[in-house]
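Please model the entire structure based on the sequences and the hints provided.
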Amino acid sequence: MDEIREGSIHHTALKFTEDIKQMKIYNNLYKTVQKLTCSPDVKNDDMKNTLEQAMKKHGLETEIRNIVFHLIRNSIKSEVKFSMQTNDPLNYLRRAGIQWERRVRKSLNTMCSELKTTLQGQLRKEQEKEELSNKWTELSNFQVDLSNYRPVYAPKDLLEVLVSLKGPAGANKDDGCSNDDVIPRWEFSHIALPVRNLQELRTVFSEILRNEMTLNDWSATCERILSTRHAPLCQQILKKGLTPILLRGKIWSIVLGSELEDHHNEYWEELKVNVLNTDSIVDKLVFKDVQLTATNDDQYFVFEDVIYQVMLCFSRDSEIADMIKTDWLNTSKLKQYETPQNNIVPFHGICMFAAPFCYLYDSPIALYYTFRAFYVRYCHRLTTINTHNQGIVSLCLLFEKLLQTHEPSLWSHFRELQIQPIRVVFKWLMRAFSGHLHPQELLILWDLILGYDSLEILSLLAIIILSFRKESLMQVSTIEQIEAVLADLSSIKVLPLVQLALSRD
Amino acid sequence: MAYDGNKRLTATNLSTMYGRITHNENARMKICFCTDMDKSVLLNNFEKRGWMQVTADDDWNFYWAGTQTCRNIFSVDSGYRMHDNQLINHFPNHYELSRKDLLVKNIKRYRKDLERDGNPLAEKVNDGGINGPKYLYLDFIPVTFVLPADYNMFVEEYRKNTQSTWIMKPTGKSQGAGIFLINKLSKLKRWSREAKTSFHPAIGKESYVISRYIENPLLIGGKKFDLRLYVLVTSFRPLKAYLFKLGFCRFCTVKYDTSVTELDNMYVHLTNVSVQKHGGEYNNLHGGKWSVQNLKLYLEGTRGKKVTEKLFGGINWLIVHSLKAVQPVMASDRHCFECYGYDIIIDNNLKAWLVEVNASPSLTSTTVNDRILKYKLIDNILNIVLPPEGIPDVRWNKVPSAENLGNFELLIDEELAAQTQDDNMLSGNMTGGKPRTNNRWK
Chain A
1 MDEIREGSIH HTALKFTEDI KQMKIYNNLY KTVQKLTCSP DVKNDDMKNT LEQAMKKHGL
61 ETEIRNIVFH LIRNSIKSEV KFSMQTNDPL NYLRRAGIQW ERRVRKSLNT MCSELKTTLQ
121 GQLRKEQEKE ELSNKWTELS NFQVDLSNYR PVYAPKDLLE VLVSLKGPAG ANKDDGCSND
181 DVIPRWEFSH IALPVRNLQE LRTVFSEILR NEMTLNDWSA TCERILSTRH APLCQQILKK
241 GLTPILLRGK IWSIVLGSEL EDHHNEYWEE LKVNVLNTDS IVDKLVFKDV QLTATNDDQY
301 FVFEDVIYQV MLCFSRDSEI ADMIKTDWLN TSKLKQYETP QNNIVPFHGI CMFAAPFCYL
361 YDSPIALYYT FRAFYVRYCH RLTTINTHNQ GIVSLCLLFE KLLQTHEPSL WSHFRELQIQ
421 PIRVVFKWLM RAFSGHLHPQ ELLILWDLIL GYDSLEILSL LAIIILSFRK ESLMQVSTIE
481 QIEAVLADLS SIKVLPLVQL ALSRD
Chain B
1 MAYDGNKRLT ATNLSTMYGR ITHNENARMK ICFCTDMDKS VLLNNFEKRG WMQVTADDDW
61 NFYWAGTQTC RNIFSVDSGY RMHDNQLINH FPNHYELSRK DLLVKNIKRY RKDLERDGNP
121 LAEKVNDGGI NGPKYLYLDF IPVTFVLPAD YNMFVEEYRK NTQSTWIMKP TGKSQGAGIF
181 LINKLSKLKR WSREAKTSFH PAIGKESYVI SRYIENPLLI GGKKFDLRLY VLVTSFRPLK
241 AYLFKLGFCR FCTVKYDTSV TELDNMYVHL TNVSVQKHGG EYNNLHGGKW SVQNLKLYLE
301 GTRGKKVTEK LFGGINWLIV HSLKAVQPVM ASDRHCFECY GYDIIIDNNL KAWLVEVNAS
361 PSLTSTTVND RILKYKLIDN ILNIVLPPEG IPDVRWNKVP SAENLGNFEL LIDEELAAQT
421 QDDNMLSGNM TGGKPRTNNR WK
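These protein sequences, in sequence, are chains A and B. Each residue of the first sequence is one higher than the one before, counting from 1 in the UniProt record's numbering. Each residue of the second sequence is one higher than the one before, counting from 1 in the UniProt record's numbering.
Once the Cα atoms are required to be at most 25 Å apart in a straight line, the calculated DSS-like pairs of lysine-lysine come out as:
id, chain 1, residue 1, chain 2, residue 2
1, B, Lys306, A, Lys240
2, B, Lys310, B, Lys351
3, A, Lys284, B, Lys255
In short, the hints are calculated from the structure, not lab data.
Printed below as a string of structure tokens:
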């Protein structure tokens, strides 16, 4: 047994060594080691030990540890390997995922043919290129005619698909079910995805409830931890939900492995040149989306110009396509449709995932890479139909189970009104509350997402907000009125509410 | 019904015109308000409190007046004498603070007085700059002259650095009217020639201030902004002032650009909503307004907590000292309170500069959030200026309870500060300015 484990560790180490050699930072790493080897600290007669010492001293050890940490984190796929085995009860969900993906791609392709353009776009005219380049930092003043463009899809479109998901279990339920009209078939409970109950969540999020430190010590502790630059330790800081505001940007980039290196700047320039050179339909969709959301948002409008830059470069980033490559996205059914270079079909509100980062970084480049890492790891799961245990389907299911168990009166209220509870919270979940919470609170929520590496906190917060406004909710009876009760979340304080949610019975 | 109410009130009018209302009557008294301004944020607040609207000729308890009305009421000619249960929203000579030329004059005098007394606050440093020594603690307004009176002084200053840009503002106007930038003395000369021969001879005389233009404003998202903060003063002697925490930043719609060609583009330089509204880029969902809380969050996240706290401490500091500068000349009538709109610009070294003070900040709401904010502002003001019984009474010591402060925070209360000093107990609830300076506010 030990032998096998030993063997597998060896195998993994070899694999990671190869992986690291393929990475852009490898050259720099290698050069640094070469330099260290030549330094007087490293002795010829005891090369191994002295070099190790020197690497530790130089911080190189931490750097390599962090690289391995991110490699492991990103290579673990909680998603069960895709196989069309007929007995897997989740196959229908995967099929739905592919269908959805095909639908949005088809929709984008149709838009292209209607507008007589292609997804690759065409070269910009010299004059337009120059104008775009001049206005790169003030893209809000770059005039684009957007009258023919509309977002490819919006949260409600994804929601409609989700609530109509029918699994084999769901179909069985129908047998002889006489009160079919009374109980709407929109519950997620037929989906055989494992979700945690409150007791289990309490164990996972236990750090939120432990607050023995005074804030003064805490800030100093955080700085000390940050100075080690050790990714897993930095991740621990975030678990408290009390991240010092100034350190947040640095901590997030260490935890997500998105600290700026030279190659990042170079690649950003490449992306920018790509935007300047080619005119793509995706650009119009980016402009449209920013104008429909961030431009009108009194929390984010000042960052409009930065968001344009970031989202345009995002659309050209083929590295994203590699990072989110999943087996099922490669099926032949999808290959018939073209996609943007990043393999992401933009949707209504996508730029709101980038907007909160404007409060953390002055430089669009630093902002870009941390946003990108966050998007790939979290947002992507929220906007596709997938079987990930923190994907949007699991979060909906978690929300539903928690509501049913812990707010039975609200649950039955919704049921009497024939309103699906998920309808009133879906946009919060899909956007991870961006644009709904005050930025200060939103960043705390995202601290927790990063700290626990979990999106389950979204369902938990959604539940407690409903609980918190239960009295008002119980008094109203239409979806419009319910939405009005829940429209303004500016007074919501994330940490105390989550603590409350976790500590109740 | 309304008629009956008025009639009963007229009856009490006569009996109380020159006398004081006894407390028994107070308890049953309905508050009568009067206002020149048809603003919903005001009327909604008064109605919510169950107050009754009367005309200026009736006996009113609370008057939300325009500055001119207020001056008329206090003028000797009117012969109006206010009784103990009346409050009005302006001090009679608010212009000492709100007129650009007088504000500058008062601040200059304040510095000189402190300097003469050898007060450490008036300490000067020579930072090696071409403009000579600067006040270490009181350098919070851009160098400013009144034209044409100080023309020669201005020219002297101008010659020290001919590269600077200056901003000309008519002293009596507001909302960005009549403002222009100059970067050459010849432009000013041409302007003054034209002004003299114009149909308005008054314009050429004593009606402009010229200030050094803040050429390095802090830009966020590449755009310039200024701060609009609300400051409530309930008394000048002793000074009692409160700062409204829900201030906002007003953004220009166009990217900041110092090039000469953009010198005449006021959308670049002026943040006034009344100016920006006419720009094509104006967004009426947020109106270019961004909350001070968001500014704090952004600055703490990108620049750090210490510098952000220093900036906001500096803002409190400049507010307090601008008020202290006018303290000796203000008629501190106990019937008065006033809410000032402070316009402040932050430069890219995170230093705050006082641009001007408005005695009648706009109560017009440009967006939904703006309406909520202004409604809260009025509500919170009323909670602070009214004694606990809810009836205006000049005999009250004007110390509101902590829960009545709402979104205001205490900047300075000289009376309380003196008491705490007497008790030899400097408590932590003095929030104004930098802690080390608390005991200097005397």
